[in-house]
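S.K.: One letter stands for each residue in the lines below.
Number of protein chains: 2
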Amino acid sequence: MKQFPKPTVEQFFRTYAITNFTVSSDEQKLLFSSNLNGKVNVWGMDLPDTFPYLFAHNDESISFLKFDPKGRWRYVLAGYDKDGDENHQIYALPPTGGLPQPLVTGDAEEKYFFAHLSDDGNRLYYMTSEGNPSFLNARVRNLEDDTDTLLNEGETSPTNLAAVSDDEQAFVYVRSFANTYVTGFVKIGEEINYLTPDPEKVHVVFDPVFTDENTIYFVTDYESEYSYVAKYEIKEKAFSSVFSIEGESVETLKWHKESNSFYLATEKGVVDVLYHYDLESDKIETLTTPIDVIDKLQVTKSGNVYLLGRSATVPPNIFKTTTNGSDWEQLTNNGVLGVNSEDMVEPDVVSYKSFDGMEIEGLLFKALPENDNGYTIFWPHGGPQASERKMFRSMFQCFLNRGYTIFAPNFRGSTGYGSSFVKLVEQDWGEGPRLDCVAGIEWLFENNHADKDKLFLVGGSYGGYMALLLHGRHPEYFKAVVDIFGPSDLFTFVNSVPPHWKPIMDRWLGDPERDKERFVKDSPVTYLDGMKKPMLVIQGAKDPRVVKEESDQIVAKLEKEGRDVEYLVLEDEGHGFSKKENEINVYSRMLEFLEKHQ
Amino acid sequence: MKQFPKPTVEQFFRTYAITNFTVSSDEQKLLFSSNLNGKVNVWGMDLPDTFPYLFAHNDESISFLKFDPKGRWRYVLAGYDKDGDENHQIYALPPTGGLPQPLVTGDAEEKYFFAHLSDDGNRLYYMTSEGNPSFLNARVRNLEDDTDTLLNEGETSPTNLAAVSDDEQAFVYVRSFANTYVTGFVKIGEEINYLTPDPEKVHVVFDPVFTDENTIYFVTDYESEYSYVAKYEIKEKAFSSVFSIEGESVETLKWHKESNSFYLATEKGVVDVLYHYDLESDKIETLTTPIDVIDKLQVTKSGNVYLLGRSATVPPNIFKTTTNGSDWEQLTNNGVLGVNSEDMVEPDVVSYKSFDGMEIEGLLFKALPENDNGYTIFWPHGGPQASERKMFRSMFQCFLNRGYTIFAPNFRGSTGYGSSFVKLVEQDWGEGPRLDCVAGIEWLFENNHADKDKLFLVGGSYGGYMALLLHGRHPEYFKAVVDIFGPSDLFTFVNSVPPHWKPIMDRWLGDPERDKERFVKDSPVTYLDGMKKPMLVIQGAKDPRVVKEESDQIVAKLEKEGRDVEYLVLEDEGHGFSKKENEINVYSRMLEFLEKHQ
Chain H
1 MKQFPKPTVE
11 QFFRTYAITN
21 FTVSSDEQKL
31 LFSSNLNGKV
41 NVWGMDLPDT
51 FPYLFAHNDE
61 SISFLKFDPK
71 GRWRYVLAGY
81 DKDGDENHQI
91 YALPPTGGLP
101 QPLVTGDAEE
111 KYFFAHLSDD
121 GNRLYYMTSE
131 GNPSFLNARV
141 RNLEDDTDTL
151 LNEGETSPTN
161 LAAVSDDEQA
171 FVYVRSFANT
181 YVTGFVKIGE
191 EINYLTPDPE
201 KVHVVFDPVF
211 TDENTIYFVT
221 DYESEYSYVA
231 KYEIKEKAFS
241 SVFSIEGESV
251 ETLKWHKESN
261 SFYLATEKGV
271 VDVLYHYDLE
281 SDKIETLTTP
291 IDVIDKLQVT
301 KSGNVYLLGR
311 SATVPPNIFK
321 TTTNGSDWEQ
331 LTNNGVLGVN
341 SEDMVEPDVV
351 SYKSFDGMEI
361 EGLLFKALPE
371 NDNGYTIFWP
381 HGGPQASERK
391 MFRSMFQCFL
401 NRGYTIFAPN
411 FRGSTGYGSS
421 FVKLVEQDWG
431 EGPRLDCVAG
441 IEWLFENNHA
451 DKDKLFLVGG
461 SYGGYMALLL
471 HGRHPEYFKA
481 VVDIFGPSDL
491 FTFVNSVPPH
501 WKPIMDRWLG
511 DPERDKERFV
521 KDSPVTYLDG
531 MKKPMLVIQG
541 AKDPRVVKEE
551 SDQIVAKLEK
561 EGRDVEYLVL
571 EDEGHGFSKK
581 ENEINVYSRM
591 LEFLEKHQ
Chain U
1 MKQFPKPTVE
11 QFFRTYAITN
21 FTVSSDEQKL
31 LFSSNLNGKV
41 NVWGMDLPDT
51 FPYLFAHNDE
61 SISFLKFDPK
71 GRWRYVLAGY
81 DKDGDENHQI
91 YALPPTGGLP
101 QPLVTGDAEE
111 KYFFAHLSDD
121 GNRLYYMTSE
131 GNPSFLNARV
141 RNLEDDTDTL
151 LNEGETSPTN
161 LAAVSDDEQA
171 FVYVRSFANT
181 YVTGFVKIGE
191 EINYLTPDPE
201 KVHVVFDPVF
211 TDENTIYFVT
221 DYESEYSYVA
231 KYEIKEKAFS
241 SVFSIEGESV
251 ETLKWHKESN
261 SFYLATEKGV
271 VDVLYHYDLE
281 SDKIETLTTP
291 IDVIDKLQVT
301 KSGNVYLLGR
311 SATVPPNIFK
321 TTTNGSDWEQ
331 LTNNGVLGVN
341 SEDMVEPDVV
351 SYKSFDGMEI
361 EGLLFKALPE
371 NDNGYTIFWP
381 HGGPQASERK
391 MFRSMFQCFL
401 NRGYTIFAPN
411 FRGSTGYGSS
421 FVKLVEQDWG
431 EGPRLDCVAG
441 IEWLFENNHA
451 DKDKLFLVGG
461 SYGGYMALLL
471 HGRHPEYFKA
481 VVDIFGPSDL
491 FTFVNSVPPH
501 WKPIMDRWLG
511 DPERDKERFV
521 KDSPVTYLDG
531 MKKPMLVIQG
541 AKDPRVVKEE
551 SDQIVAKLEK
561 EGRDVEYLVL
571 EDEGHGFSKK
581 ENEINVYSRM
591 LEFLEKHQ
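Line by line, the protein sequences give chains H and U.
Numbering-wise, the numbering used here puts 87 at position 87 of the first sequence, and it's gapless, one number per residue.
Numbering-wise, the numbering used here puts 378 at position 378 of the second sequence, and it's gapless, one number per residue.
One or more of the hints may lead you astray.
Put simply, identical chains are the same to the list, so a pair is met inside one copy or across any two.
[Stated by the list, open to error] Below are the SDA-like pairs computed for lysine to any residue, each with C-alpha atoms no more than 25 Å apart in a straight line:
hint : residue 1 : residue 2
1    : Lys596    : Asp83
2    : Lys187    : Tyr217
3    : Lys29     : Ser341
4    : Lys66     : Leu47
5    : Lys82     : Pro5
The hints are simulated quantities; they were obtained by calculation from the structure and are not laboratory data.
When you get a sec, could you build the whole thing from the sequences and use the hints?
M.R.: Dropping the structure here:
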């Protein structure tokens, strides 16, 4: 009998995304959103049975899922956008499943974000762009009589409702000035008090929770390199630090009322760690997890922990523990078609010194010797503050299987390495991070992880921007370049982002008037002359973050110069690929492109 | 909060088909074929975990699934066709899953059917149209050295290999002259012996099994109205009846060597019954089942029974019992999106006297009072010998939910009512069965199950033929008619079926020369003048059973006459709808058509 051939490109993309989940209070029903059947839909499990059934059909991305509290089963709430446009609106699903019905919706370009549901399930708190596109309004919809009331008008910067007290009299809002600058305040009536002593200092506040009417716990990095758990007492107007974990940033905080304790996940470089913190005893214990990166965490009344997570060789799956992490049951079974985890590549965590002596960590995925084709792909991640972590990417494992080694550096600006480090990309998109990339490339060469004439450059979003910029300024390093929806011109980019992003652009990227010189210096279009290597540009037509014009203009300019540039536009996609066949199409095309230019 | 609307058409079609399954000998892995993700693919379960994962991706229908025996895990075998053309060919799947690789394949129009796999998994016995399109050849492929040997050349009529003895020296073949006339013989060397005393008598032989080198058990209706279990002893050349069940036809026979017993399913009118028969004690016991119709049965070494089945309100699901039917575990969870079984309609089993006094059974699905729109759909089933049974049809439950009552008579020729009854359609396609339909319609009117001016006619395959014929000859009964791939002209139909069908056409339908007058009388095209009611014709372009020309010609003729006829052709479908979106499209269109003509 003949041997079976090696896995194809397609096989690696026949995994699916699991993007969200929620468990009912009685733990009898679990809902999750997944493109299991090709496009994203809501699936159900009647636990302990894990065979999933279609719970709601809409073929669109889902921003949240929320059961009617207390098991009353009148509805399930869900947020849907349209073709990845990120204008999520709020729908109700029949409690037995079915088709989504509009609940809090409006014009196609408006956004309605879920904020909070009252304990009795009758009042839905939400954020909306309607009437306040830049700063957002908080409103409350009474689901029993359909009355709708304005709660807070966002000012200064996008202002989101983040917590509501049990008596629905106190509200915590967070106001975003940048990914690294988010203040939090509690509003009772018209009185406002900040949760941290000095809102003028740059810091973040998130995941606030009322543990009683007077006490708010939250996560902050106020006056610290790493975010920690703090508390604010309303009557006393008193801020205090509660606990921190050395060298790790708290990323998710879940209150478990029944045991007077918190479950929390921290970011520690390229992995996440799960902890249980008992408020009474002030004791913290580490819980083992079956995966390296935690995407979502839910703790039920019973104290069972459900998590959605992944590792470099494990696609997103949902797990459950009833033993505080001693053992985990895997509820879903999402793998790569015909490929075991053992045949995939676990990355090495490496570090190197950059131009100014700063230590940069990176993930080096070495192609297995039997697959190695001698070529290396340099991958600047997106965000720019979303560091590359130990999480499954079909693209990585597919390209590794075809023999490419992949290097992904966490250049300055990446999260997971402290507050100062993450701020280093702000108002410096094109200099420090770029030089970290250049140093990373030199390190690859010096350590024989890449051949000088066998290096490709591939990046998406900010990574696409970096790919364009590196191509323009350092073309000598690369055989060919792939840009996936990367901004090409900072002047046009800064004006094309969604309205509620605009207030944060100043701190994050800069001001096109004030920083004109830098914008010119850091815009890829400035370096068209350098872009002489073959290039593939990929863009979603409905991308709301990096609009299609960003790619159109650079492609048009390069074509005018007679350069070798291929342009692939996906008509029904936004900033990412929500549809399986599009994804397979894009990455097959990308692989062909790389093979052509070997 | 607003009420949720009633379920839509789409919801009823958001079930999926489960068309086949197999369990590995260690019962650790279950594979099933399903269009769970939109098109038919093979899915796996690592039992006892039931969360399914994609095992093989090909987006095509699957005719069989077979594990490498004895858990050696070198391959899984599967049969695939192309876009429903029914030219199934044999592929090997990697044991860990992946993409199918051609194993026993040939030109696109050739067929390669699985027949038997040797105990050691090294020799694959198969049937092929290659070199013998009408009668088929049996061949054996040695999977170790790829040699391929002719075993038997089919003669007279299509001749299929149906059983192989353990020592691979004795072979049972079945030769089909019609659905009701299939002889069986054992071939050792060049010697042939029939399993039944007189092969000239009309009867069927199927599901032969060697219980030892000398003994063949099988199912037959030789000299009986209902099929029963018989045995043939090779040395003695002795046929004997083993056991029968009063008024029920044995349909499936599974040998369980370890307990020296048989598991079998019988057809009892509109339902199936499962039995366990102990050879030693000659004792038969009835096993309860969780569903009414059994599609597939597998008994493992341990004696656990797996079955694929469905009921009127339960779509196909796989069940398992470890307790001989005392309780069943449901392994899959295939339901209707957002609709419980209780909100669907269980049919009444009714009967009425036809024109000649013959008793005709039928299924009457009454729309629930809150849904009832006063209209009734008359549904002549296909086959013509495939009786309408208590099995889930999305179309039925969807149309019932929209308020239509549905009546499906098991006119003469339907299985489940004895051998004489089933033969009554042979060489009489257009007379007896048609008059049974007419009597059924009159019965509906007399018993107030239908209003005289509120009756629709819908049928597929032979049911489509019957819809055309009833339309042409009895147009006064109907408001409008839907024909789904029904033959319109018996002269062209008899010549357009696949080659291996041709030998059986004479007995089944007749000879166009000899029976010219009857062919004219029974061809719908003869009654074009009568077809004055609005009609919707639906056809799969790749249908190999009822070719597209059958629909093309009637539509062209009616259009020429200026009749109200709509024609919907599905380019990528055969005789049935294998693709979910096509299915939803077809039935939405059909519902619109019915609503338009109310």
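S.K.: Of all the hints given earlier, name the ones this structure violates by number, lowest first.
M.R.: The structure conflicts with hint 1 only, although it agrees with all the remaining ones.
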